[in-house]
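Visitor: Each chain, written out:
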Amino acid sequence: MSFITQVFTLAVFAVFVNNFVLSKFLGLCPYIGVSKKIDSALGMGMAVIFVMTMASTFTWLIQEYLLLPYHLEYLQTIAFILTIASLVQFVEMVIQKTAPALYKSLGVFLPLITTNCAVLGVSILNIQEGYNFLGAILNGLFSGTGFTLVLLLMAGLRERLEKSEVPEAMKGMPIAFVIAGCMALAFLGFSGLNF
Amino acid sequence: MRLFQEFTKGFIKENPVFIMALGLCPTLAVTSSVQNAIGMGLAATFVLVCSNIFISLLKGLIPGKIRIPCFIVVIASFVTIVDMVMYAYTPEIHKSLGLFIPLIVVNCIILGRAEAFASKNGVIPSIMDGLGMGLGFTLALIVIASIREILGAGQWLGMNVMPAAYIKSPMLIAILAPGAFIIMGLLMGLINQMKKKQGA
Chain A
4 MSFITQVFTL AVFAVFVNNF VLSKFLGLCP YIGVSKKIDS ALGMGMAVIF
54 VMTMASTFTW LIQEYLLLPY HLEYLQTIAF ILTIASLVQF VEMVIQKTAP
104 ALYKSLGVFL PLITTNCAVL GVSILNIQEG YNFLGAILNG LFSGTGFTLV
154 LLLMAGLRER LEKSEVPEAM KGMPIAFVIA GCMALAFLGF SGLNF
Chain B
68 MRLFQEFTKG FIKENPVFIM ALGLCPTLAV TSSVQNAIGM GLAATFVLVC
118 SNIFISLLKG LIPGKIRIPC FIVVIASFVT IVDMVMYAYT PEIHKSLGLF
168 IPLIVVNCII LGRAEAFASK NGVIPSIMDG LGMGLGFTLA LIVIASIREI
218 LGAGQWLGMN VMPAAYIKSP MLIAILAPGA FIIMGLLMGL INQMKKKQGA
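Going down the list, the protein sequences come from chains A and B. The first sequence begins at 4 in this note's numbering and counts up by one. The second sequence begins at 68 in this note's numbering and counts up by one.
Everything labelled a hint here was simulated from the structure, so no lab data went into it. Source: prediction; values computed, not measured. Among the hints, erroneous ones may be present.
[As the list claims (entries may be wrong)] To list a few chain B residues with every Cβ distance to chain A over 10 Å, as calculated:
#, residue
1, 151
2, 228
3, 245
[Said to hold, decoys possible] The calculated EDC-like cross-link candidates involving lysine to aspartate or glutamate, where the alpha carbons are at most 20 Å apart (straight line), are:
#, chain 1, residue 1, chain 2, residue 2
4, B, 262, B, 81
5, B, 263, B, 150
6, A, 107, A, 42
7, B, 76, B, 182
8, B, 132, A, 95
9, A, 107, A, 95
10, A, 39, A, 168
11, A, 166, A, 42
12, B, 262, A, 42
13, B, 264, A, 165
14, A, 39, A, 162
15, B, 263, A, 132
16, A, 174, A, 162
17, B, 263, A, 171
18, B, 162, A, 95
19, A, 40, A, 162
20, B, 162, B, 150
21, A, 39, A, 132
22, B, 162, A, 132
23, B, 126, B, 182
24, B, 132, B, 182
Ideal Cβ positions, reconstructed from N, Cα and C, are used throughout, including at glycine.
Isolated chain B, as found in the complex (with noise of 0.2 Å):
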């Protein structure tokens, strides 16, 4: 049961996006589209369940005053791989993430989770948790992708689910760098709302 909660808490409760504010960097950035969003949301699950696992494993060995650099370490090792990985079987996402695959790296999400839990937990607790942070941050990019596409594009994955009509001439600001700080800001605000009617 305490598994469970581990895995279920990255989604909402402790949403790494929306309620931790980290990671917002990739976050803005590549949620112009909902499959740019997926892409990037899996490859960051990948790194930080991997990151996670060879952290918890390796606890015990890391010397305290050097660990971070030894966490960024091991975290860069597994994005070199998803970085090879994507440009070998998905080369047009890898074009479209372009500069942010490396930049998982210095996703706050993901030494932010080493950090704090896998190296204080086992094995098993920290795959789960490592799975159910990084399945939230990709639900999170997933909900604001989708907004931005279908407000700027008319489209949500690439299938038109607005009017003719809009799509010829759809909100454009949405796409571009401005919706995505004021959609990610009013988002933020009402989910505040949300919490503070449940809390009352």
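Same shape as in the complex, but just chain A (with noise of 0.2 Å):
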């Protein structure tokens, strides 16, 4: 296979048939809470999407070049949360140094993406799935993509939502979760593309 068709692969597989909230159920919180309109989506989906590759490509090289020689592999969770944490920390000064324009549209969202299971997550699976550090970097692209693409489709829906007649008792978060299942039944048919 060329590095082409690898990269494609790994894409499609990536946001469509594994795609992180609707097969893996990563990132459901901000999935559900953060989907109410589409430019707040937005911004939430290209914040996640750096800051998941960035942790990709640092929690790769911190369990190659420090866990590994030391046989530290036990320390992983508590290793992987603190460079997240400090990440996004540091992503978010850069960010409010250097484009204070940016940070105002990312600002709110960035605090938030520490306890967003996907970045953990993806993480973990790249050591689990033993991706080289390549790999590792698509991955939490490609897996950023597919996050941002469902909350967009979650917003555009839920937009619409608004002005339709729901009973009572499954206004909000309800309607989201059932309307969510269905976006799911319909990414379950990409489960049978096979390369």
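Please dock the two separately framed chains into a single complex, following the hints provided.
Guide: So, in structure tokens, the structure goes:
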């Protein structure tokens, strides 16, 4: 398989087949919480793509050059969550200094990302699946893209939902879950893809 | 009497899953069987009680500005302990929960209780709060997992509960990802309806 084909396969699998939200149940809190408006969904999505790519890069390096040589694999959870927390803090400071406009649109979402399980999830999965360095970075990037895609779709649906008649008890979160279920059903169709 | 209230509020009135909608990822991911649900619930309860104890003991020592990273380190240590213990004694459950054991670290219920309760209260109320919330979480997981396992496999905790014809061709979707979302949505709707009736 050529390099391009491999990258393409990885992208299709990460975005559609093994979508983080709909088939792995990771990152549900922002998926339900920040999907009320398209604008904020886009901001959150971009921040998640960025942090997931960075986190994949750094956690892979830490695993390979710090945990493995010193046989500290059992400290993986602690090391990764600390890396992610400090990374998010660092990214927040850099963006605030260098790109104030970007900070204004992303700023509020950044602290939330530390506790987004998709970020820690992708870091641990990269190690479990045995990706190489480039594979880990690409997997982080594409998984984040998949998350953003379903977040945007959901935000679009929920903006329309505002105007429709929903039974009183189902308003808000319950109906959002049922819609997510229908979306997951559609994405289940992609699992038939075989390369 | 107040202690007892701290203990029972997590079951229904402030149920972390159904009422406060916290910890949704593990709730949907591990409820494809009742066995997994119990394993996850107890693991999270253990972490919750231990981190509540330590955080309520350390609350005077932790500076306010960096409290969240400190909480996360305390929680991550207990998650690592649970991970190792489960790997040693219940390897099957450890394997089927997989990724979701390390992800207990980012479960918002635990950080939420640390921030909202343990960092402001003494040790004994914090233990009761942790136990109650943890068992409330376990209870919610068991409810969802029971519905999904009975509908999707015709079984409950591995025992056949539906007629043989149903088990042969069950409602498979309840076990798959879409079923988790839909059942969760319907359950939340049902609880809203019940609350509304009680209030009226």
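Visitor: Does each hint fit the structure? Answer for all of them.
Guide: Hints versus structure:
1. With a closest Cβ-Cβ approach of about 7 Å to chain A, residue 151 of chain B is found to fall inside the 10 Å limit, against its non-interface label.
2. Listed as a non-interface residue, residue 228 of chain B keeps its Cβ farther than 10 Å from every Cβ of chain A; the least gap is roughly 24 Å.
3. For residue 245 of chain B, the requirement that its beta carbon stay farther than 10 Å from each beta carbon of chain A is not met, with the minimum near 4 Å.
4. Between the alpha carbons of residue 262 of chain B and residue 81 of chain B the distance comes to roughly 12 Å, so the proposed pair stays at or under 20 Å and holds.
5. For the proposed pair residue 263 of chain B and residue 150 of chain B, the alpha carbon gap of about 41 Å is over 20 Å, so the pair is violated.
6. A C-alpha spacing of about 13 Å is found between residue 107 of chain A and residue 42 of chain A, which places the hinted pair at or below 20 Å, so the restraint holds.
7. Between residue 76 of chain B and residue 182 of chain B the alpha-carbon distance is near 17 Å, which keeps this suggested pair within the 20 Å criterion.
8. Straight-line distance between C-alpha atoms of residue 132 of chain B and residue 95 of chain A comes to about 16 Å, which keeps the hinted pair within the 20 Å bound.
9. Simply put, residue 107 of chain A and residue 95 of chain A have alpha-carbon atoms about 11 Å apart, close enough for the 20 Å limit, and the pair holds.
10. Restraint check for residue 39 of chain A and residue 168 of chain A: satisfied, since their Cα atoms lie roughly 16 Å apart, inside the 20 Å limit.
11. Distance hint between residue 166 of chain A and residue 42 of chain A is fulfilled; the C-alpha atoms sit about 18 Å from each other, no more than 20 Å.
12. Proposed proximity of residue 262 of chain B and residue 42 of chain A is contradicted: the alpha carbons are some 33 Å apart, above 20 Å.
13. At roughly 24 Å between alpha-carbon atoms, residue 264 of chain B and residue 165 of chain A are farther apart than 20 Å, so this suggested pair is violated.
14. Between residue 39 of chain A and residue 162 of chain A the alpha-carbon distance is near 6 Å, which keeps this suggested pair within the 20 Å criterion.
15. Annotation: proposed proximity of residue 263 of chain B to residue 132 of chain A is violated, straight-line Cα distance about 47 Å (limit 20 Å).
16. About 13 Å separates the Cα atoms of residue 174 of chain A and residue 162 of chain A, which keeps this hinted pair within 20 Å; it holds.
17. Distance restraint check for residue 263 of chain B and residue 171 of chain A: the Cα-Cα separation of roughly 10 Å lies within the 20 Å cut-off, and the hinted pair is therefore satisfied.
18. For the given pair, residue 162 of chain B sits about 36 Å from residue 95 of chain A by alpha-carbon distance, which is inconsistent with the 20 Å threshold.
19. Simply put, residue 40 of chain A and residue 162 of chain A have alpha-carbon atoms about 6 Å apart, close enough for the 20 Å limit, and the pair holds.
20. At roughly 11 Å between alpha-carbon atoms, residue 162 of chain B and residue 150 of chain B fall within 20 Å of each other, so this suggested pair holds.
21. With a C-alpha separation of about 34 Å, the suggested pair residue 39 of chain A and residue 132 of chain A falls outside the 20 Å cut-off, and the hint is violated.
22. Proposed proximity of residue 162 of chain B and residue 132 of chain A is supported: the alpha carbons are some 15 Å apart, at most 20 Å.
23. Proposed proximity of residue 126 of chain B and residue 182 of chain B is supported: the alpha carbons are some 10 Å apart, at most 20 Å.
24. Restraint check: the Cα-Cα separation between residue 132 of chain B and residue 182 of chain B comes to about 12 Å, which is no more than 20 Å; the hinted pair holds.
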